[in-house]
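In case you want the letters, here they are:
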Amino acid sequence: MNLTLKIWRQKNANDKGKMVDYKISDVSPDMSFLEMLDVLNTELIEKGDEPVAFDHDCREGICGMCSLYINGEAHGPDRGVTTCQLHMRKFKDGDTIYIEPFRSTAFPVVKDLVVDRSSFDRIQHAGGFISVNTSGNTQDANAIPINKHDADTSFDAATCIGCGACVASCKNSSAMLFVSAKVSQFALLPQGKVEATDRVMNMVKQMDEEGFGNCTNTGACEVECPKGISLENIARMNREYLKAGIK
Amino acid sequence: MSGIIKSSIARKVAMALSAFFLMIFLLQHFAINILSVFSPDTFNEVSHFMGTNPLVQFALQPVLVFAIVFHFVMGFILEIKNKKSRTVKYVKNNGAANSSWMSRNMIWSGATILAFFVLHFIDFFFPELNTKYILGDLSGMHNGEFKYYNELLHKFESPIRVGAYVISFVLLAMHLLHGFNSAFQSVGATVGRKEVMKKIGRAYAILIPLGFIFIALFHHFNGH
Amino acid sequence: MAKLDSKVPVGPLKDKWTTHKNNINLVNPANKRNIDVIVVGTGLAGGSAAATLAELGYNVKAFCFQDSPRRAHSIAAQGGINAAKNYQGDGDSTYRLFYDTVKGGDYRSREANVYRLAEVSANIIDQCVAQGVPFARDYGGLLDNRSFGGVLVSRTFYAKGQTGQQLLLGAYSAMNRQIGRGKIAMYNRHEMLDVVIVDGKARGIIARNLVTGEIERHSAHAVVLGTGGYGNVFFLSTNAMGSNVTAAWKAHKRGAYFANPCYTQIHPTCIPVSGDHQSKLTLMSESLRNDGRIWVPKKQEDAEAIRQGKLKPTQLAEEDRDYYLERRYPAFGNLVPRDVASRAAKERCDAGFGVNATGEAVYLDFASAIQRYGKEQAHIKGLNENDETLVKKLGQEVVRSKYGNLFQMYEKIVDQNPYETPMMIYPAVHYTMGGIWVDYNLMTTVPGLYAIGEANFSDHGANRLGASALMQGLADGYFVLPYTIGDYLSDDIRTGAIPTDSKEFDEAEKAVKERLDFFVNNKGTKSVDYFHKRLGKVMWNNVGMSRNEKGLKEAIEEIKQIREEFWKDVRVPGGTDEFNEELAKAGRVADFLELGELFAKDALHREESCGGHFREESVELDGEQKGEAKRDDENYTYAAAWEYKGEPSDAVLHKEELEFKDIELKQRSYK
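Protein chains in written order, with this note's numbering: chain A, 428 to 674; chain B, 632 to 855; chain C, 244 to 914.
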């Protein structure tokens with residue numbers, strides 16, 4: 428199939444940037460979206476133009492490196508997938524596709540479609556861990572039984588890949604889904620309860636300092652999340668925060 | 632404690648708490664107004680009680696005014712901050728794909744409700760304050776009978792005002808369709824009961840404004 | 244260069260590690276504050292090592308080319324992690340895990356290392372649970388286990404199909420704690436482009452900031468490489484797009500011997516290639532072979548009809564199907580080890596029985612499993628076992644609960660419903676057992692330079708068992724390297740900070756810059772990928788699942804040829820002082836083009852079949868095992884460590900003889 432691509436081009440963080448049109452032909456429906464961009468880039472390089480920069484790595488939907496706001500949605504129109512798992516069969520011959528970087532003040536553009544998501548890392552530095560040394564002298568793994576439901580809910584929260592689709596989709600650029608996933612994962616486990624108060628306070632403080640917006644519970648994040656992280660995590664974090672604040 | 636007031640979650644919680652107060656107030660207001668349909672006398676008595684009881688007047692009323700002002704001011708502050716958190720807009724954004732119109736436009740439904748408040752205050756609240764506390768007439772009487780019911784009928788004569796009233800309440804319904812659940816979500820009360828809360832929220836958001844609209848239309852068509 | 248000394252401690256196997264820990268030198272906590280360690284790579288090995296070293300008190304500088312340590316490709320591991328916990332009470336023990344690993348590796352690994360790995364494996368699980376890794380649990384709240392190929396016990400711990408992710412996020416969280424405390428300086432989007440050797444010791448690295456293009460000098464008292472495997476030399480593999488050999492190859496060029504480069508694991512259950520545009524291959528967990536049956540059509544004309552789309556697999560009668568694994572290996576059937584399953588699939592497809600348009604796919608069919616489970620469920624629920632629709636529905640539910648996420652992934656990629664029609668699978672390059680040679684302390688042949696995880700060669704021999712990669716990465720990073728590195732660093736407590744203005748740093752930086760400048764100034768016509776794809780094709784065809792002398796010699800010549808063309812004709816747009824992914828790729832492919840040749844050279848010299856390395860010349864000629872791989876223990880029971888001497892063809896072979904004192908060498912039989 429033949430497509431028109433409207434792609435955000437921006438030389439570096441200081442450049443203003445603009446949308447540029449490209450035509451691409453003979454796209455196979457079996458291609459992944461990123462493979463389609465690979466083909467475009469090869470054409471650009473061989474023509475002597477600069478290829479479009481975009482983040483990607485594992486190409487199997489788990490590393491969280493790929494981003495892209497495609498036709499007005501994070502990771503494109505399909506559900507439960509990252510951009511690397513989006514296939515061209517979701518589009519029709521003759522379509523025009525808008526491709527933009529994830530937008531948020533806390534995710535400044537590095538180049539073209541590549542953004543800097545280190546704000547996420549800094550939130551994790553502030554408290555996304557359990558303070559246990561890696562000495563190997565911890566107690567036996569089965570010493571504390573954990574209710575299966577809690578363990579599973581904790582796992583579900585822990586599957587967040589940190590891609591930033593939640594922020595990109597949120598009309599307020601809020602990072603609540605991302606932060607709450609980590610807070611929930613630990614809050615649900617006995618190991619994590621010890622420092623739950625400090626964790627939620629510190630992580631939220633860092634989140635606010637990074638310039639993310641306020642959650643207004645629109646639920647867009649949950650819909651666009653490639654891993655289906657539940658909004659319930661946000662409610663749980665709010666509750667943890669209230670508990671911590673009252674203490 | 633002091634640090635958390637500035638935090639995003641604390642602000643959300645504050646929005647939610649003021650919303651809870653306003654939603655309770657709305658329910659109470661509706662309960663009184665619906666009396667006007669069944670029994671004008673009871674309506675007059677309750678209105679007079681509410682209008683003259685010192686506890687209501689000097690404790691609840693200031694809290695109500697504060698809650699209204701706070702909810703609006705904070706709503707606008709948050710909106711401005713949220714706008715700042717994405718300075719470069721998307722060229723193409725498909726919000727409808729992942730969220731309801733209501734949730735994305737709380738600021739507009741809210742602003743409409745604010746406009747309604749202005750009208751409502753001019754219609755009822757300011758004249759009331761004037762009569763009661765400037766002119767010092769606490770009797771609630773006009774021409775020898777309670778004035779409340781007649782004032783109500785009088786206000787619902789104009790089709791334009793009734794139209795504005797209906798539109799405002801439709802927008803209030805939309806505001807509540809998102810807001811009710813959002814408030815509970817903000818205080819973490821939806822964990823494990825998401826679906827039930829959704830149903831309750833939907834019922835409240837539709838039934839209460841519908842009731843107000845019913846009252847307005849009822850009096851408009853039956854008033855004279 | 245010193246001759247290969249594995250530094251394996253003396254004494255009985257089971258006491259070696261304890262004795263060694265008791266005898267090696269330590270650095271006191273006050274002195275650790277004066278010692279810097281560079282860790283390159285932040286996967287399971289690098290991430291866990293960085294966190295642990297920082298906890299011990301060293302100043303750690305960690306580097307990764309991704310935008311966050313959490314993206315390292317360890318995250319993609321699905322199945323699980325082995326540990327000799329014996330929670331199931333099924334007779335597991337440290338010895339049994341050790342034995343399975345050595346046997347699974349076809350007796351080409353170092354006994355002492357493997358035993359140590361088995362020994363610390365149980366600790367890993369304790370550690371991860373303490374860190375909040377949400378492993379799967381049973382209804383009693385205790386940890387659950389599953390079973391993996393090639394073993395007789397249930398010792399695999401898992402977190403659904405995302406075990407690697409959860410373990411990596413655990414290591415990442417341990418790192419975050421240290422980054423927050425300022426004990427780890429984290430360098431994201433930085434790529435190591437050379438190791439700097441001062442007075443014969445590794446004292447730093449040259450790294451490129453991938454955002455600004457700036458070339459940076461970083462010094463330390465020791466350098467640790469946890470930079471993963473080199474499967475991307477095949478272009479198409481299950482590795483991430485960015486996975487590369489560059490760090491390891493630079494170390495090799497600076498004196499680190501590269502061991503057993505030809506040992507590559509080709510995983511049998513991957514989604515087949517769909518066309519020329521393909522950029523990577525997706526793995527489907529090995530666990531699918533527990534319930535799926537692998538087959539191709541019995542008659543060639545049926546295979547052709549299927550390829551042309553005239554016939555559907557579901558239309559083929561049972562007697563027209565060839566369940567070739569069950570036919571060839573009645574004892575293990577569909578659960579033979581990965582190398583055996585892969586070769587069998589290739590054999591059928593080469594013979595013309597492949598089932599997709601490219602002719603390179605076989606079926607993995609769940610119809611029997613759906614029937615079996617469906618009948619069972621109907622029986623349990625007291626429903627009609629002969630109602631076909633009902634049985635199918637119930638069976639599909641069971642299959643969905645076991646493999647739902649994998650089926651969904653398959654459907655997204657292939658656009659076919661695997662509940663209704665058999666999946667198509669084909670082998671793909673997955674893991675490289677070879678890597679930088681290290682001694683018992685995980686130090687390479689360059690003093691002060693360490694290699695851990697998939698980047699080194701030590702523990703898996705010629706073939707890795709499922710769920711052992713995660714175990715090795717974390718064992719190296721959490722529990723082995725942090726101890727053994729102290730022995731070396733104890734000599735450095737008075738050294739003071741290493742200056743970065745020495746002539747060694749000058750030289751290394753200059754060479755790095757010259758190479759980058761060359762790329763952006765070269766007026767070529769072809770993209771980097773063009774050469775990478777060509778290299779991959781040669782590797783896959785001649786140095787892939789089955790290898791022979793003629794093909795390997797051809798490959799060596801062809802790779803040389805591609806390398807020459809690459810340097811003449813590659814085109815890299817953009818400049819050096821900016822974000823330039825093509826430039827980064829060019830450097831990586833240049834190194835793959837050298838490694839590829841050494842890889843083929845190693846495969847050529849090893850005239851035996853062992854594990855993932857299959858030489859067509861070395862097969863059993865008769866008897867029950869006719870046609871199966873044949874090891875040559877008399878001549879090849881050694882690790883081949885190659886020393887760099889300029890061109891890959893000049894590399895010099897050093898042998899580390901492998902001694903098996905606690906295990907008897909046997910032929911692997913799955914008949």
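Worth flagging that the hints you see were computed from the coordinates, not collected in a lab.
Mixed in with the good hints, there may be bad ones.
Straight-line Cα separation of at most 25 Å, DMTMM-like style, residue types lysine to aspartate or glutamate; simulated pairs [claimed, not checked]:
| hint | chain 1 | residue 1 | chain 2 | residue 2 |
| --- | --- | --- | --- | --- |
| 1 | A | Lys445 | C | Glu603 |
| 2 | C | Lys780 | A | Asp453 |
| 3 | A | Lys598 | B | Glu826 |
| 4 | C | Lys403 | A | Asp505 |
| 5 | C | Lys645 | A | Asp579 |
| 6 | A | Lys519 | C | Glu640 |
| 7 | C | Lys756 | C | Asp730 |
| 8 | C | Lys553 | A | Asp457 |
| 9 | B | Lys714 | A | Asp457 |
| 10 | B | Lys723 | A | Asp543 |
| 11 | B | Lys637 | A | Glu637 |
| 12 | C | Lys756 | A | Glu477 |
| 13 | A | Lys474 | C | Glu797 |
| 14 | C | Lys766 | A | Asp457 |
| 15 | C | Lys618 | C | Glu603 |
| 16 | B | Lys714 | A | Asp567 |
| 17 | C | Lys828 | A | Asp543 |
| 18 | B | Lys720 | A | Asp505 |
| 19 | C | Lys776 | A | Glu473 |
| 20 | A | Lys443 | C | Glu457 |
| 21 | A | Lys670 | B | Glu826 |
| 22 | C | Lys403 | A | Asp567 |
| 23 | C | Lys793 | C | Glu603 |
| 24 | A | Lys474 | C | Glu821 |
| 25 | B | Lys712 | A | Glu637 |
| 26 | B | Lys637 | A | Asp442 |
| 27 | C | Lys766 | C | Glu797 |
| 28 | B | Lys720 | A | Asp635 |
| 29 | C | Lys873 | C | Glu797 |
| 30 | A | Lys575 | C | Glu640 |
| 31 | C | Lys780 | A | Glu473 |
| 32 | B | Lys723 | A | Asp625 |
| 33 | A | Lys620 | C | Glu298 |
| 34 | C | Lys769 | A | Asp476 |
| 35 | C | Lys776 | A | Asp453 |
| 36 | A | Lys517 | C | Glu663 |
Being a predicted model, the structure only gives us computed values, none of them experimental.
A quick look at each hint next to the structure:
no.	hint	in the structure
1	A:Lys445 with C:Glu603	44 Å, violated
2	C:Lys780 with A:Asp453	23 Å, holds
3	A:Lys598 with B:Glu826	24 Å, holds
4	C:Lys403 with A:Asp505	23 Å, holds
5	C:Lys645 with A:Asp579	15 Å, holds
6	A:Lys519 with C:Glu640	33 Å, violated
7	C:Lys756 with C:Asp730	35 Å, violated
8	C:Lys553 with A:Asp457	20 Å, holds
9	B:Lys714 with A:Asp457	39 Å, violated
10	B:Lys723 with A:Asp543	21 Å, holds
11	B:Lys637 with A:Glu637	14 Å, holds
12	C:Lys756 with A:Glu477	21 Å, holds
13	A:Lys474 with C:Glu797	33 Å, violated
14	C:Lys766 with A:Asp457	34 Å, violated
15	C:Lys618 with C:Glu603	34 Å, violated
16	B:Lys714 with A:Asp567	50 Å, violated
17	C:Lys828 with A:Asp543	20 Å, holds
18	B:Lys720 with A:Asp505	22 Å, holds
19	C:Lys776 with A:Glu473	16 Å, holds
20	A:Lys443 with C:Glu457	22 Å, holds
21	A:Lys670 with B:Glu826	24 Å, holds
22	C:Lys403 with A:Asp567	22 Å, holds
23	C:Lys793 with C:Glu603	23 Å, holds
24	A:Lys474 with C:Glu821	20 Å, holds
25	B:Lys712 with A:Glu637	13 Å, holds
26	B:Lys637 with A:Asp442	33 Å, violated
27	C:Lys766 with C:Glu797	29 Å, violated
28	B:Lys720 with A:Asp635	20 Å, holds
29	C:Lys873 with C:Glu797	23 Å, holds
30	A:Lys575 with C:Glu640	21 Å, holds
31	C:Lys780 with A:Glu473	21 Å, holds
32	B:Lys723 with A:Asp625	40 Å, violated
33	A:Lys620 with C:Glu298	22 Å, holds
34	C:Lys769 with A:Asp476	13 Å, holds
35	C:Lys776 with A:Asp453	20 Å, holds
36	A:Lys517 with C:Glu663	22 Å, holds
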